[in-house]
Amino acid sequence: MATTVTTPTQGRRKTPTRHEGPAGRRPRPNWLGAILGIVWLVIVIVPVYWIVITSFKTQANYYAMNPLKPPPEPTFANYQLVIHSGFPRYFLNSVIVTAGTIVPAVLVSFMAAYAIVRGAGRTLRVMNGIFLGGLAIPLQATIIPVYLIIIRLHLYDTLLAMILPSIAFAIPLSVLVLTNFVRDVPRELFESMRVDGASEWTTLWRLAFPLTRPALVTVAIYNGLAVWNAFLLPLILTQSTEKRTLPLAVWSFQSQYGVNVPAVLASVVLTTLPILILYAFGRRQLVSGLTAGFSK
Amino acid sequence: MSTARPSTAPAGASLAGRSGSVTWMALPAMVIFTAFGVIPLLGVLGLSFTSWDGIGVIHFTGLRSWRAELANPGLPHAIFVTFKIMILSWLVQTPLSILIGVFLAGHQRYRNWLAVLYFIPLLLSSAAIAVAYKALLDPNFGLGAGLHIGWLSQDWLGRGGLAVAVVIFIVSWQFIPFHSLIYQGAARQIPRTMYEAAEIDGAGRIRAFWSITLPQLKNTVIASSTLMVVGSLTFFDLIFILTAGGPGDATRVLALSMYKTGFQANLMGLASVIAVILVLFGVGLALLLRRIGGGANTQSTLEGG
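Keeping their order, the protein sequence lines are chains V and R. Position one of the first sequence corresponds to residue 1 (UniProt numbering), numbered consecutively onward. Position one of the second sequence corresponds to residue 1 (UniProt numbering), numbered consecutively onward.
Worth flagging that the hints you see were computed from the coordinates, not collected in a lab. Note that beta-carbon positions come from the ideal geometry of N, C-alpha and C, so glycine has one too. Treat the hints with caution; some may be incorrect.
[What the hints assert, rightly or not] No farther apart than 25 angstroms at their CA atoms in a straight line, the calculated lysine-lysine pairs in the DSS-like style are these:
#1 V:K243 <-> R:K260
#2 V:K69 <-> R:K260
#3 R:K218 <-> R:K134
#4 R:K218 <-> R:K84
#5 R:K134 <-> R:K84
#6 R:K84 <-> R:K260
[What the hints assert, rightly or not] Chain V stretches covered by chain R per the calculated footprint, using a threshold of three residues with CB under 8 angstroms from any CB of chain R:
#7 37-44
#8 107-117
#9 137-149
#10 166-172
#11 211-224
#12 227-236
#13 268-282
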């Protein structure tokens with residue numbers, strides 16, 4: 001898997017000898033590590049497995065059966081109930097808020113990262129310092145003024161109310177990760193673009209953008225995940241049922257269905273399913289990008 | 001967007017090259033971050049000197065909110081709970097993340113499959129995790145009761161100490177996968193030759209781990225710990241849904257106090273004081289970790305240099 005990581009970051013490493021030697025090269029197998037790895041796998045997987053099989057049980061089965069046994073006759077009734085309780089609406093809201101956040105967030109962060117790498121001067125240094133400062137600050141602590149601003153802008157209880165702060169919250173980490181990657185674009189390529197008479201704007205889109213694409217995708221997925229799963233912003237900045245996003249919906253299903261645990265868990269599965277599908281496609285990108293972005 | 005428009009570059013760009021001619025490109029990000037990050041950050045300090053019910057007029061009341069909140073016996077308790085959960089979850093997560101990450105850095109195929117499955121908890125929202133664990137841990141109908149395992153069918157969320165332990169367990173369940181992947185990436189960057197040299201010198205696996213792997217992972221430990229510690233200040237969704245701060249105030253962390261004070265009791269001034277305290281803790285901890293990491297090295301970790 002790691003051998004396919006072709007981010008510019010890899011090229012900069014002083015140790016291009018990626019240890020892809022024969023797997024059995026180490027003299028002794030790492031039993032301790034393997035046992036820990038398997039134990040952790042069980043801890044991770046058992047609750048996930050339990051959530052999935054329980055969501056297919058009837059309530060009677062849920063109370064009577066061994067909780068770790070799959071139901072003899074899986075029922076889709078729980079899923080039908082959740083889908084008829086407004087799930088499509090909440091799903092659409094989540095899609096709009098997530099897409100409406102990550103596209104602008106990634107574009108402005110990328111432009112900022114490019115400026116920070118290519119530019120000079122006090123203004124840019126100060127701006128970079130401010131972005132980096134955002135990493136140390138728990139931005140949720142600024143939620144009260146954000147609420148005030150959203151009310152004053154007459155955006156309360158709209159989808160835009162969640163999108164604008166989400167973009168801002170995504171910027172610090174995006175700029176940090178993208179700066180690392182733009183910095184790895186060889187200087188000579190920039191020079192040759194300049195010799196060809198290209199403006200910085202052209203260089204940004206024609207040279208840096210394609211070369212940084214893996215990192216852009218990584219940042220988009222990472223932020224998308226955070227926005228898709230966000231709870232505090234929707235809780236505070238919206239009110240009406242029609243503006244709910246999925247995490248808020250799961251929470252409200254819990255009080256709505258009360259003891260109908262299988263239905264609540266069906267809503268958990270349904271809200272996670274889209275992300276799981278995306279993960280199946282973008283996993284390599286996400287994992288390699290994240291590890292390269294953080295482990296410097 | 002990809003069409004080239006050379007005319008948008010300010011005049012003089014071609015002359016000087018990098019003489020700050022690209023500064024404007026950082027402006028869109030700066031404007032949004034200022035509007036919904038920097039201004040609220042200053043605003044929360046401002047609001048801490050006011051009284052506001054969340055709807056009506058904002059009144060300047062000077063230090064009254066600060067005096068009231070600092071005299072509130074609930075505050076030291078919330079700070080204590082916040083740090084208890086932060087430190088204990090760091091102590092659980094960091095060693096396990098390092099061990100799992102280093103183990104995953106090996107190249108057998110099954111380790112890749114393990115890494116795939118490990119990532120799943122990160123895809124679930126904290127809200128979904130909280131809702132699911134609440135059902136799973138139910139003392140009457142949860143997993144433990146269903147399997148008739150005595151110690152598993154306790155009243156997990158009904159007793160203070162247990163509830164804190166449950167929060168730490170769930171947080172670890174959710175985030176160890178992420179941090180172990182960071183360590184996996186870092187461990188793979190350690191030059192193979194160092195291990196070969198150690199092997200020639202007769203060092204065993206454990207010795208090599210202590211003398212090579214851990215020191216080489218130092219920067220990663222700092223970066224991962226910073227994310228973990230600053231992130232733990234914002235644990236809200238999980239605790240809000242799982243225990244709502246209870247039983248009693250056993251899991252009432254600062255972020256939850258802020259929400260309850262501001263948005264349930266409508267005391268925005270007092271809630272802003274708590275928010276300012278949260279910000280101070282976040283900045284203080286980040287600076288502290290930077291110092292521990294030792295100057296220049298950490299700089300490159302945090303600033304991407």
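What hint numbers does the structure not satisfy? 2, 3, 11
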